[in-house]
Structures are given as C-alpha cells and as structure tokens.
Amino acid sequence: MTILEAAQALRSRAVSSTELTEAALKRIGERNPELNAMIATLEESARTQAKAADEELAQGADRGPLHGIPVAVKDVFETRGVRTTCGSVIFLHHIPDRDAAVVERLAAAGAVLVGKAGMHELAYGITSNNPHFGTIRNPRDPQRIPGGSSGGSGAAVASEMVFMAMGSDTGGSIRIPASFCGTVGLKPTSGRVSRYGVMPLDFSLDHMGPLTRSVRDAAVTLQAIAGFDSRDDTSSQEPVGNYLPDAKCSIRELRIGLPQNFYFERLDPDVDMAVRRMAAIAESLGACILPVRVPDIEALNAVGRVILLAEASALMEKYIGNRDQFGSDVLALLDQGRLLPATDYVNAQRLRRMMQRDFARLWSQVDCLFTPTTPMGAPQIGEKTVHLGDFVEDVRLAATRLVRGINVLGLPAISIPCGRDRRGLPVGLQIVGRPFDEALILRVAAALEDAVS
Amino acid sequence: MKNWEKIAEAYDLRIPDSDLERIAPSLDALELAFRPLTKRIPDDVEPATTFRILRESGE
Chain U
0 MTILEAAQAL RSRAVSSTEL TEAALKRIGE RNPELNAMIA TLEESARTQA
50 KAADEELAQG ADRGPLHGIP VAVKDVFETR GVRTTCGSVI FLHHIPDRDA
100 AVVERLAAAG AVLVGKAGMH ELAYGITSNN PHFGTIRNPR DPQRIPGGSS
150 GGSGAAVASE MVFMAMGSDT GGSIRIPASF CGTVGLKPTS GRVSRYGVMP
200 LDFSLDHMGP LTRSVRDAAV TLQAIAGFDS RDDTSSQEPV GNYLPDAKCS
250 IRELRIGLPQ NFYFERLDPD VDMAVRRMAA IAESLGACIL PVRVPDIEAL
300 NAVGRVILLA EASALMEKYI GNRDQFGSDV LALLDQGRLL PATDYVNAQR
350 LRRMMQRDFA RLWSQVDCLF TPTTPMGAPQ IGEKTVHLGD FVEDVRLAAT
400 RLVRGINVLG LPAISIPCGR DRRGLPVGLQ IVGRPFDEAL ILRVAAALED
450 AVS
Chain S
0 MKNWEKIAEA YDLRIPDSDL ERIAPSLDAL ELAFRPLTKR IPDDVEPATT
50 FRILRESGE
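So the protein lines, in turn, are chains U and S.
Take the first sequence: its letters are residues 0 to 452, numbered as in numbering that gives the first Met the number 0.
Take the second sequence: its letters are residues 0 to 58, numbered as in numbering that gives the first Met the number 0.
Treat the hints with caution; some may be incorrect.
Below, a list of computed lysine-lysine pairs in the BS3-like style, where the Cα atoms sit at most 27 Å apart [to be verified]:
1. U:Lys317 to S:Lys1
2. U:Lys383 to S:Lys1
3. U:Lys317 to S:Lys5
4. S:Lys5 to S:Lys38
5. U:Lys25 to U:Lys50
6. S:Lys1 to S:Lys38
Derived from the structure by calculation, the hints contain no laboratory data.
Using the sequences and the accompanying hints, generate a full structural model.
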C-alpha cells in the first residue's frame, strides 16, 4: 500500500490512522530485530498522534495526503525531547529542545512519527554498518548492506515498516539506499528543503529528501516539506510547485539525455541493461532519447570529495582529539580532510562554480538526464571492493561515483527501481533535472512507474 | 607524492603512523585527480561560497 492508497482508505473510513500506526509498530517489532533499521521507536507519541489524526479527520479537518500516515525520520533530524544521535556516540545523550524544520512540516501535514531510522555513523559513509548501533541490513537480502548513509530509512521503507522515511544526502545518501533497497529516493534541489535542525555533515553539500514506496508518495512528501525557511541561510525563495504527477501523466516529446560518456562506464552489465530498458520504455511513451556528452564528472567527483573532506573535518575538528569515539572508516575520512590545505578547499569551490556553468549548458539540449544510480547492486556486508568487469573498485567510491557530482551541482535527482540484476537485487535509475524542476523529474519517474507496474 | 607523515607532523595532527599509512593511498589518488584541475581555473572565478552583508544586522 502506498501513501496515496492509505490516504484514500483513511478518508473512506476503510482504515484508521490508529490501525495503520499499530500495523507499522507491529511490523517494526517483527522485522527490526533482524534488520536494525530503526534506532528508536516512538510508540507512545505515535499512538497519541494517530488518535489525534483520526479525530481531526472525523471532524472533517483534512491536512492532506500525509494526514495520519506512519513515517520515520533519519536520526540526523532533531526531534524535541527525543534523543538524536546522528549515529554517533558523541551525541549519545543529545536530546534537542527543537524540532528540525522537516519534522515541524511533517507534523503540520498530520504525519505520524513512529520512529527514528538508523544510519551510517555521522552520515559519513555508504554501508550503514554502524560500529556503535549495529549493522543495518538490506531487506532484499539481509547479508547485504542497505546502502547509506540513510540505510535505516531505505530498509524501513523497503521492509514496509513505514510508508516514508526522511533521509539526508551529501554524496548520494538518499539515492544509494534507494537503489540498493529498491525504493524511490528523492534528493531535491539545494535550498528547496530546509536544513534547519538537521545535524550537518557538510555545509554546502547536504540535502534533505524522502525515501518512499512510490514516486507519487515522494511527490506528496516533497509538497509538504518544501519551501523557504529563514532559519536556513541556504533556503531558497523559489516558489514551491505542484509536484504530484497526474494520474495519466505524459512525457511525450520530452527530451531525455542519455550520457555517452562516464555514466555507462564500469557498470555491472545487468545495471546497464536495466537502465537502457527504461530509456526504451520512455521512448515508447513518446519521449525523445538524445545521446549527450556530459562535462567531466570524474573531475566533478574529485572536487566534491575535496569539499566534503574539508567541510566534514572542519565540523568534527573539536571532537577528533578523542579518536576512540569514531569508527575506523569515519576516522580515516576525517584524517584525510585535516591533511588538505585550505587552498585546495577554496579552489574546489572555484572549480565547482566553473562546473556549474559547464553543466548548465546541457539544459538547452535536454529536459532531464537518465543515468544508473549505482554501478552495481547492493554489496555483501563487509565487502571492501567490488569487481566491475576488469576493474576492482573501492565499494564506497563505486557506490558514490554516479551520484556524488549531482550534490556538487545542487541539482534535483530521483532514484527509482528499474528492475533486478541476475541475483535478484534491485537496480536504480537516476533521473537528474534542472534546478528546481522537481515537478518534471517526478512526472518522468511516475510515467515510467505507471508503465512498468 | 606528498609526504603525508611530515605534513601531519607539521600541523601537529597526532595521527598515528598506522592510520596515516592506511589513508595515504586515498590522498595520493585524490591528489592525482585534483591537482591538475586547479591549473585550469581562470583568475576571475570566485568560489561557490558567498558572503552577503546584511544591512539590518550590520554584519
């Protein structure tokens, strides 16, 4: 069941929010011991919120499609009076006195917060193999990682614990778990969703967005959480659009770019085939598939890594004296950032400006881009490298290779499931759009979802 | 390649040798990818970070 289906059932009185919430709590009780997707379950407050939602709906006070729907947020979103750890022992006792803007907006939309999703330590990694709170497992194959850093969010949605879980994305951390777990994951344009009250990893690369069971569920969530927030310096005053695609949305004559360089190199052949199949389906729906050459994404990734290493290390500098507080992979990244000269950081931000201009030219040729989200399906827990043809690549670098650059550019992107590989693992299609054109990528994604379901 | 051990020592970062050995290959690879890019930045390109003075705050 999707959010929109549940919303319809709530309004026809076929089900109550209390029943949906009890079902979510039961599902968490059944699946969480194995998957470890949720770091905290908020049973009492969820039941209170569900009861209030039922009463409001009975009185005709309708807050929209999220009203009465059980959801979760990654444990990077601050929740008033509820511990928020960021997956780190440093914040083991951090009980915020405020809600993140996203949490406020979800509450205003009537959503029922049933829990906080686990994550990679400090949102700084892609395995969600957390040394302090345990390994999060992929519901599609519990011997494999769910991706990260929003691994708990991906696992919670894929295992149907909740209808939607919020994630954060600094170098792919929404789209990678969406790809590995077989869910939808939306990273909006930089500035579209407020970062207020979200524990930061990187000042200039962090984005907030939902992981959901369907494209339209991502759209209604974005509708609820998007908009200007004066408490976030990077928040945009760009008007919020209408994100929900029509029931029979058309993509006829849209120009979809299929990169001829970079994005289809070093892929699992099953991923290559699945993504090209989606391009063929888009073409059959009337879209024009255009071969395009994209600017130097390898360079863009290097720039993104310098920015992330420097900014994350600057943020954590005051804690690094106590090295035992960090997992070895996070510590290695923090040390790397401390060794970079300040001139490299400034030049990375200058290169970012240049690359933003280079990439902007692409939008005169196409309306959106199709790429794979990750070059392979979910790796095994503990796997350090992946073999892609003749190449052996570090798991983290491989998983972030096709998504990281989009954060550097601040562009909106969505990952949707587009089939399975030979092992039955989900494959993700990434659709990248123009700045603030979430409506278009959601429409394309919905049309494809409609066509294959 | 840069001598990361000496850089860490000069900055007094107190990174254990074994940890430095572990991260050196990643830093070397990043150095190889990033350093040539810096040569192609025109002088007039400003960083993608902005400082905006606000009249009301007098910042």
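How the hints compare with the structure:
no.	hint	in the structure
1	U:Lys317 to S:Lys1	holds, 26 Å
2	U:Lys383 to S:Lys1	holds, 25 Å
3	U:Lys317 to S:Lys5	holds, 22 Å
4	S:Lys5 to S:Lys38	holds, 25 Å
5	U:Lys25 to U:Lys50	holds, 17 Å
6	S:Lys1 to S:Lys38	holds, 18 Å
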